[in-house]
Amino acid sequence: MDTVAPPARFDPRGLVELDERVPGTAEIEGDKASFDARDLTTRQINLELRRLVYELGIHEVTIANPGAKHSLGVGILARCKITFEGSLGYFACGLIDGPEVHITGRVGWSACENMMSGVCVIDGNAGSLTAAALRGGDIVVKGKVGARTGIDQKGGTVIILGDVGSMTGFMMQRGRQIICGNAGHGLGDSMYDGVLYVGGKVASLGIDCVPGEWTDADTEFVTRKFGIYGLGDPPELQKFVCGKKLYNYDSLEPSERKLVL
Amino acid sequence: MCGIAGIIYRNGNGAQRLGADMTRMLQSMKHRGPDSTGYALYRPPTAELILRIKLADGEGNGDIEWADRLRHRREEVKARLRAAGASLASMEEVNDYTIAARLDYDGDLKHLADYVESVPGAEVLSAGSALEIVKDLGDAKTVGDAYKLDSYLGTHGIGHVRMATESDVDISNAHPYWAYPFSDVAVVHNGQLTNYHQWRRRLERLGHRFASDCDSEIIAVYLAQKMAEGATLEQAMRMSLEDLDGVFTYICVSDDALGMAKDELAAKPLVLYEGDDMVVLASEEIAIRAVIDREIETYDPYESEVMVWTR
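The listed protein sequences derive, respectively, from chains A and B.
Here the first sequence stands for residues 1 to 261, numbered as in the numbering used here.
Here the second sequence stands for residues 262 to 572, numbered as in the numbering used here.
So that you can see chain A by itself, here it is in the shape it has in the complex (with noise of 0.2 Å):
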């Protein structure tokens, strides 16, 4: 007789692959794993990713042939190293909490979304919304990024080694940016607080975005920086901050307001 197999469970937020099994296919060597992404899925590969870092504490994974896969290496939560040799896709590594990451090719849109804390080192180019809504951590991009790098960026600091498109730093509430080559139009568009840093030709600046005063302090957190990550000098770099003009906020909750009426 023939076996029926089972209808596909539904899951109402749309995951797929809900019955994937860990493929457990790592390669381990005391505190260090790898393994070849290049015949697993993403669940698979996010789940060995999981099991390795999770449930056998290993400290170094290393990842070959993600082969430009989406939303891989994502909502890691520990304090651990990941190496990707090759280039990933959309939304790479988002929501992570502590790794150190490192990309040995390109990524695409999204990149390192809501970044919690950690360092995400790429060295290829990125796609747009890179860092966006970051949090804290570095980001250190040697390549090009598209548009709308660190939108509603709220902390962390994000290094860029070429050129970025238009809107970059769109709304950045907090953080740095330390841009070494060219930025598009609109940079730092609407921007509440925060520092972008460009050596680079400026193509235009966005509303309340303005050039702001260098001061010693900016001098020593790019060496630092730029220290850390073996970049060398830094270039010469323009400071831009926001105008506060756009400032139109009442300075008392509403609560309290009534309290004064």
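Hint data in this document are derived by calculation from the structure and do not stem from the laboratory.
Heads up, a few of these hints could be off.
Chain B regions said to be covered by chain A (calculated; three or more residues, Cβ under 8 Å) [unchecked claim]:
| id | segment |
| --- | --- |
| 1 | 542–549 |
| 2 | 554–560 |
So the derived list for chain B, only partly shown, Cβ under 7 Å to chain A, looks like this [stated by the list, open to error]:
| id | residue |
| --- | --- |
| 3 | Ala527 |
| 4 | Pro530 |
| 5 | Tyr563 |
| 6 | Glu564 |
Chain A regions said to be covered by chain B (calculated; three or more residues, Cβ under 8 Å) [what the hints assert, rightly or not]:
| id | segment |
| --- | --- |
| 7 | 67–73 |
| 8 | 116–129 |
Note that the structure is predicted; figures quoted are calculated from it, not measured.
For each residue, glycine too, the CB sits at the ideal point set by N, CA and C.
On the provided structure of chain A, position chain B as indicated by the hints.
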């Protein structure tokens, strides 16, 4: 969200497995649009004019006179091609509702296309000496298998996976669009155009026809109009950045060139790989990796960029 892809082989002699490569790329982006899949495939130009004509939008849904209707349309199309002055070298019935006609014709292409399309239900999907457009419902594997594209050899091509946002899910509204009535030009688009109705009225007043309600068709007809006015493909694409509103990344192809244009907001993605042997571009790198199985260097074009490659 839709997915677009393009491939051009440098110094292509027409012996590359274009159909198989395009199917692999489009299938890897199925998550960007499972509604319909389309291809615009190019071979080295021939002396003949190739018309791909759709007689109906898919199957007849139980209409018992369906086969008769299609036979009648097919005969009518054949008669009109002859009456318009074309001599028919061959006519292949690709499936029940699609035919590929090879003609000897040196008259006005618009006249020929309009005459054929006045047969109820008929639509010229593509016309040219090098171009063939194949589009149907389903993912790339379904369409590629149904139209036997695995063995299709060619020089360059583009493709599209569609997630319908602006108009119906049917073959007419699927991409790529032929730049009616300009031979050998086709377009695929990812995005939404907000001044569609303005441009549609303008172009209709100039005598152009629209085969669908899809906003993307504007790009193809717009480029055709600009080229008819004397612009090159690249110049027409640059003008489109000013004239078209909305968010878009599109790929446009002619018989010897392939170009991309991105709007000033850079709101829709595109990843580029420029190698010695080929140029490949797609909405996601995962599609490029479907045809190149090694570590490669790719980048994203910036806002308002237009790039054109020739084969």
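message: Can you confirm whether chain A covers the segment 542–549 of chain B, using C-beta to C-beta distances below 8 Å and requiring at least three such residues?
response: holds (count 4)
message: Tell me whether the statement that chain B covers the segment 67–73 of chain A is true, taking a Cβ distance below 8 Å and needing three residues at minimum.
response: Answer holds; 4 residues pass the 8 Å Cβ test.
message: Can you verify the interface hint for Tyr563 (chain B): is its Cβ closer than 7 Å to any Cβ in chain A?
response: Nearest chain A Cβ about 5 Å off; hint holds.
- prompt: Three or more residues of the segment 554–560 of chain B near chain A by CB distance under 8 Å?
  reply: Satisfied; 5 residues make the cut.
message: Less than 7 Å between beta-carbons is the criterion; does Glu564 (chain B) satisfy it with respect to chain A?
response: 5 Å, holds
- request: Between the segment 116–129 of chain A and chain B, see if three or more residues pass the 8 Å beta-carbon test, and mark the coverage as holds or violated.
  value: Per the Cβ count (4), the hint holds.
- prompt: Hint check: is the beta carbon of Pro530 (chain B) less than 7 Å from a beta carbon of chain A?
  reply: Given a least distance of 6 Å, the restraint on Pro530 (chain B) holds.
Agreement of hint Ala527 (chain B) with chain A interface, Cβ distance less than 7 Å: 4 Å, holds
Violated hints are absent here; each numbered hint is respected by the structure.
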